[in-house]
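J.: Residue numbers (the numbering used here), protein chains in the order written: chain A, 2 to 325; chain B, 12 to 340.
No wet-lab data here; the hints were simulated from the structure. Any given hint could be a false lead.
[To be verified] SDA-like, lysine to any residue: derived pairs with alpha carbons at most 25 Å apart:
1. Lys39/B <-> Val165/B
2. Lys272/A <-> Lys218/A
3. Lys81/B <-> Asp183/A
4. Lys113/B <-> Thr185/A
5. Lys134/A <-> Ala251/B
6. Lys98/A <-> Asp48/A
7. Lys232/B <-> Gly100/A
8. Lys113/B <-> Lys272/A
9. Lys76/B <-> Asn222/A
10. Lys233/A <-> Lys76/B
11. Lys134/A <-> Asp141/B
12. Lys297/A <-> Asp247/A
13. Lys218/A <-> Ser23/A
14. Lys113/B <-> Val226/A
15. Lys134/A <-> Gln252/B
16. Lys113/B <-> Asp49/A
17. Lys232/B <-> Asp54/A
18. Lys153/A <-> Lys81/B
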Amino acid sequence: MSHIVGMGLKVPDKVLTNEYFSEYFKEDLSGFLEGIVGQKERHWLADDESVVDLCLPAAREAMAEARITAEDLSMVVVASDTHEYISPATSFVVQGKLGAINAMVFDLSASCASFVTALVTVDSWFRSHPDFKYALLIGEYGMTKYVDKDDKYTASLFADGAAACVIENTGESLIASKFIADGTYYDYLGVFGGGTKYPINDDTLAKGLHKLRILKKYDQNPNLVAWPGLVKSLMEKVGEPLDAIDLILFTQINLTVIKKVLEILGIPESKSHWIMDKYGYTGSACIPMALYDARKQGKVKPGDLVVLVASGAGQAMGAVALRL
Amino acid sequence: MRTVRIAGTGIYTPTRSMPTEEVGAMLKLDLTQQIQTGGIKVKKIMADDEEASDLAVYAGMQALKNAGVKPSELDLIIVSTDTPDYISPCTASIVQHRLLAKNAGLFDTNVACAGWVTALNTATKYIMADQHFHKALVIGTYAMTRFLNWQDKVTAPTFSDGAGAAVLVEDESETSGYLGSMLYADGYYWDYLSVNLGSARLPTAESVANQEHKVQYNQNKRFPDVNSVHWPRLVRETLAQANLTPQDADMLLFTQVRRNTIEGVMNTLGLPMTKTHTVMEKFGYTGSACVPMALHDALEQDLIHSGDIVVMTASGGGYAMACYAMRWL
């Protein structure tokens with residue numbers, strides 16, 4: 002099957018604690034940040050850093066564990082909605098700087114569901130290309146570049162990071178995947194300026210549309226509503242009961258919601274893993290970052306059944322089951 | 012055997028157009044030679060209140076109609092663009108919403124101007140790999156005039172807006188629809204042509220004044236003629252996967268950036284110009300949308316028939332190339 006044979010993680014050096022934000026906004030935010038969403042601190046890109054600065058070390062660590070060189074790669078895929086540039090794609094820059102001369106490239110964007118969607122996409126490519134031996138798949142997030150530093154809610158919640166996987170094509174596919182999407186939420190949360198609708202000009206800058214904005218609020222938490230059903234229908238496709246899952250990872254946006262979903266599904270918390278306490282919310286990077294951390298801590302072993310569940314604004318959700 | 016076929020195509024080209032000569036006059040440039048050899052006679056410009064998703068939705072609707080597929084039947088929507096509506100969420104979210112394609116998963120993919128052929132290939136992989144995927148809508152949308160510096164003598168005459176789409180469906184056929192594909196990329200050229208806006212280049216009042224976030228060529232670097240070198244090789248190697256040669260191909264479509272490049276490549280392959288089709292004359296250069304626009308136009312003109320071998324080859328700055336061959340079922 003598509004087999005993860007190496008992983009790497011990189012976060013920027015700059016650390017911001019809950020205390021920093023409480024002080025900055027002159028309000029105690031730790032009750033929400035630590036009590037509800039589960040965050041204690043997070044990392045931010047410096048002014049002179051960008052997402053490729055995270056992608057390259059994460060990629061090199063993953064390739065070192067996999068004991069391959071950049072020339073062994075057949076695919077370089079970057080999954081994110083926070084890019085190096087509008088064009089070319091971030092994967093071009095990564096491929097060029099790594100010297101992955103034999104690799105095809107593309108960026109895939111489905112907001113914070115990008116990584117899981119890209120994992121399924123890589124697996125689909127592998128099935129038609131037995132000649133493809135290794136893919137490098139990077140989930141990266143540089144959202145603090147777009148965060149309004151004076152917006153209390155988003156400034157304290159979002160963080161930067163990247164995790165990379167080297168995936169080996171071993172001839173069989175991922176066990177199962179499931180996507181659900183509802184584009185009616187396209188104008189709820191996003192970075193709406195900087196594309197073709199609100200191009201960068203004085204007006205867009207004056208209105209702050211080039212920053213991350215929440216334009217509409219959800220009536221109810223979409224993850225709490227959708228995740229239990231998504232996991233159940235995925236496991237029906239797998240043909241195994243819920244208790245066959247060894248590790249289940251969710252988009253790391255809200256620990257309280259993750260715990261509730263686990264409770265609804267009857268899955269013990271010990272079978273999940275979270276990293277928002279030390280890394281904050283890292284969007285399209287958070288799932289591979291959590292998997293990296295679970296591997297490092299010995300929470301998973303080869304052969305384990307792992308389920309990844311991701312949600313992205315817009316809205317797109319994806320779930321995938323794989324064997325480590 | 013489980014394979015794929017294109018059930019319908021659609022395009023959208025904006026109503027506003029400007030002859031390339033006029034762009035030249037505006038820039039005090041004589042573009043006669045360039046128009047003659049390159050073939051781009053016109054610039055198509057979307058309206059001020061249009062954006063990439065509008066072009067995508069119009070092309071997508073036409074493709075669905077021509078395919079006889081309802082939006083609710085779609086399992087997947089892939090939008091290929093490097094000119095999205097927003098930084099986030101992806102343009103496919105807006106398209107899914109506006110088409111009411113409520114059962115479709117979605118994502119954007121960016122491979123610059125090689126994007127649509129790569130996305131068509133990706134949709135092919137999804138349908139062939141997973142029996143739960145039956146029908147996909149693959150859209151290339153290009154709204155590059157929104158990133159245009161109208162004073163730039165190189166880019167201003169070149170880039171237009173437009174969209175092309177295809178509905179790709181599963182097929183049970185004795186002969187395979189999908190014949191093969193090749194991809195080639197060299198990220199060494201990542202800073203040759205770009206829209207320098209993103210986490211590495213945040214906008215400021217000063218950068219806006221200097222038009223730094225517009226599409227631009229790196230003035231210190233010039234692309235070698237990579238298309239003439241690699242396109243013939245990619246076509247040969249792709250067809251070889253199905254034990255075919257270029258002589259077996261009935262229609263070869265290429266990125267519509269320069270007509271004389273296409274003429275040179277057809278000559279290298281030993282094929283007559285009747286086996287290709289160009290649309291840059293009337294649609295301008297439309298990046299990730301130009302190959303499906305050429306495909307749609309060729310179908311409209313009855314240049315592709317059942318059983319024909321169709322090869323599509325695309326290049327994107329930075330750079331990446333994609334080649335895809337199919338038997339028209």
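J.: Tell me the hint numbers this structure goes against, listed in increasing order.
T.: Numbers 2, 8, 9, 10, 16 and 18 - these are the hints that the structure violates, sorted from lowest upward.
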